[in-house]
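Engineer: So you can see what is in the structure, the chains are spelled out below.
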Amino acid sequence: MDRSLDSPKTCPIGVDSCPIAAELKRLQEECRILTQQSQTDPLTGLFNFRYLMMALEREMERTRRTGLPTGLLMIDLDHFKKVNDVYGHQAGNEALKWASSIWRENLRRIDIACRYGGEEFSLILPSVRLSQAITAAERLRAVLENSPLVFDGRTIALTASFGVDVHRSRDKLSADDLIKRVDEFLREAKAGGRNRVCYEKVKAARAPSEITGDERAALFIGRWPKNSQG
Amino acid sequence: MKNVGSPVKICISSGKGGVGKTNITVNLAYALAGKGKRVLVIDGDLGLANVDVVLGLSVHTTLRDIMEGNGNLMDAVIYVEPNLGILPASSGVPDMVSLGAEDQAQMAEILDSIAISGHFDYLLMDTAAGIGSSVLWFNKFADHNVVVITPDPTSMTDAYALIKVLSRDYDRTEFFLLMNLVSNSQEGQQVFDTMARVAKQFLSISLQSLGMMPQDKSVVKAVREQTPFIKTEPYGRAAQAIEAMASRVLALPTAASQHRSASS
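Protein chains in written order, with our numbering: chain A, 9 to 238; chain B, 162 to 425.
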């Protein structure tokens, strides 16, 4: 929180070198840095888990208020253990930083990119429909696949698996529920061979409330349909 | 918890437009008022309002004005009889057809404030045609759902579609069908039986009949004259049919009695 607006910038009684004002300024700055640190993952510069949960709850509440869905992507770097084992932990760290920076370049300013933990990431996409969230995930998947990490003169191919879902205003979900749901799609992507995006397949091409042929036929026995035999 | 004195909220929809929904709502309101009830007709067709047109009213403040904070709710109500008020909506406002989450919350506040005002015994909500969000919302908000249909296959299909959506996605299980523009009672009964059978078979819900309205020239004439037919031809077939429906409406459980039975 930025408090500088409602705190005096200089000494209110006009003393230039006031030690109390200086101390106040120092504390404000320290507070700002600590706030930032408490929300940031130091390695990747993305938001951390703590901030993720706070932001997700906020965006889900916004969905309930505005009706605009909130998209959530759960991402896991593929074969990350192998990167560590083959190229060393420093390469592993570079891979996490590399993927983070590439994805951040390919997100909107309002998207919230977080490191969930380990080699797992969460991206909150405010105000997107499922189809848009899927498109975004597909774009992030492709861009990483096409941007190998160059480390120590060696080229390391990186890919990631994605789970995608959206929280809609009529869903009664907690932030934990949503993460769990998206995590299942992520696991599906892993199990399905990695380097892919998984999401809820539309169960049927028709909306469940759409009138079926049987219902129509029942409403108009002997009258419908006129364009077929029998 | 519902206020003991809270009015019975009845939503009147049709799926298809042009089946006489607004005209029936207005005449039903007059009939209920004639039976000594205090009635408010809410024009729920927020984008293409008609209630005021059916009655030839001059509107100064609409539901939309109130939602935007321009005007007082009770000042917007036009009393056409001492115990019959009309709350008009706006016409030519596409934004109002789909109610967003925020609008819905506000609409609920407005209607709740009417309900707790204690001014009315019955709220009749005349919705837009179609199955847009505002139509679904008013139906969900109501205590009782009336669906107006005609023997026209498109009307039956659209009414069925509306009932299906409301029963599947909005937990509505009780519907009253009102068969309008039937050429005789046999035809009306046939339409009802078909709808009831299909709803039972596919949706597992029992439809009830609120009654039927015959085709009647006096109705057409009254609409052109912007006067309710129950006033112009109080002893005509249409007026008799409406009176019978009003009696059935009076027999419906009130919110208070529902609450009592729910807690007993």
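Rather than coming from a laboratory, the hints here were simulated on the basis of the structure. Keep in mind that the hints are not guaranteed to be accurate.
[To be verified] Computed far set for chain B versus chain A, every beta-carbon distance over 10 Å:
1) Gly166
2) Ile239
3) Gly253
4) Met317
5) Asp330
6) Val359
7) Gln362
8) Phe363
[Stated by the list, open to error] Here are some of the chain A residues that sit facing chain B, going by a computed Cβ distance under 7 Å:
9) Ser46
10) Gly75
11) Ser177
12) Ile219
13) Glu223
14) Ala226
15) Leu227
Glycine residues also receive a C-beta, built at the ideal position from the N, C-alpha and C atoms.
Engineer: Should the interface hint for Ser46/A be scored as holding, given a Cβ-Cβ cut-off of 7 Å against chain B?
Structural biologist: 32 Å, violated
Engineer: Is the nearest CB of chain A more than 10 Å from the CB of Met317/B?
Structural biologist: 6 Å, violated
Engineer: Find the nearest Cβ of chain A to the Cβ of Phe363/B and say whether that gap is larger than 10 Å.
Structural biologist: 5 Å, violated
Engineer: Hint check: is the beta carbon of Ile219/A less than 7 Å from a beta carbon of chain B?
Structural biologist: 5 Å, holds
Engineer: Go through the hint on Ala226/A and say holds or violated, using the shortest Cβ distance to chain B against 7 Å.
Structural biologist: 4 Å, holds
Engineer: A cut-off of 10 Å on Cβ-Cβ distance, and Gly253/B was said to be off the interface with chain A. Does that hold?
Structural biologist: 24 Å, holds
Engineer: Holds or violated: Ser177/A as interface residue toward chain B, Cβ cutoff 7 Å?
Structural biologist: Status holds, d = 5 Å.
Engineer: For Gly166/B, which was marked as not at the interface, is the minimum beta-carbon distance to chain A over 10 Å?
Structural biologist: 31 Å, holds
Engineer: Given Gly75/A as an interface hint, is the shortest Cβ-Cβ distance to chain B below 7 Å?
Structural biologist: Interface hint status for Gly75/A: holds (4 Å vs cutoff 7 Å).
Engineer: Would you say Ile239/B is clear of chain A, with no C-beta pair closer than or equal to 10 Å?
Structural biologist: Non-interface label on Ile239/B holds, nearest chain A Cβ at 32 Å vs cutoff 10 Å.
Engineer: Please verify that hint: Leu227/A, Cβ, nearest Cβ of chain B, below 7 Å or not.
Structural biologist: Holds: closest Cβ of chain B sits about 5 Å from Leu227/A, inside 7 Å.
Engineer: In terms of Cβ atoms, is chain A entirely out of 10 Å range of Asp330/B?
Structural biologist: 6 Å, violated
This entry does not satisfy hints 4, 5, 6, 7, 8, 9, going by the numbered hints stated previously.
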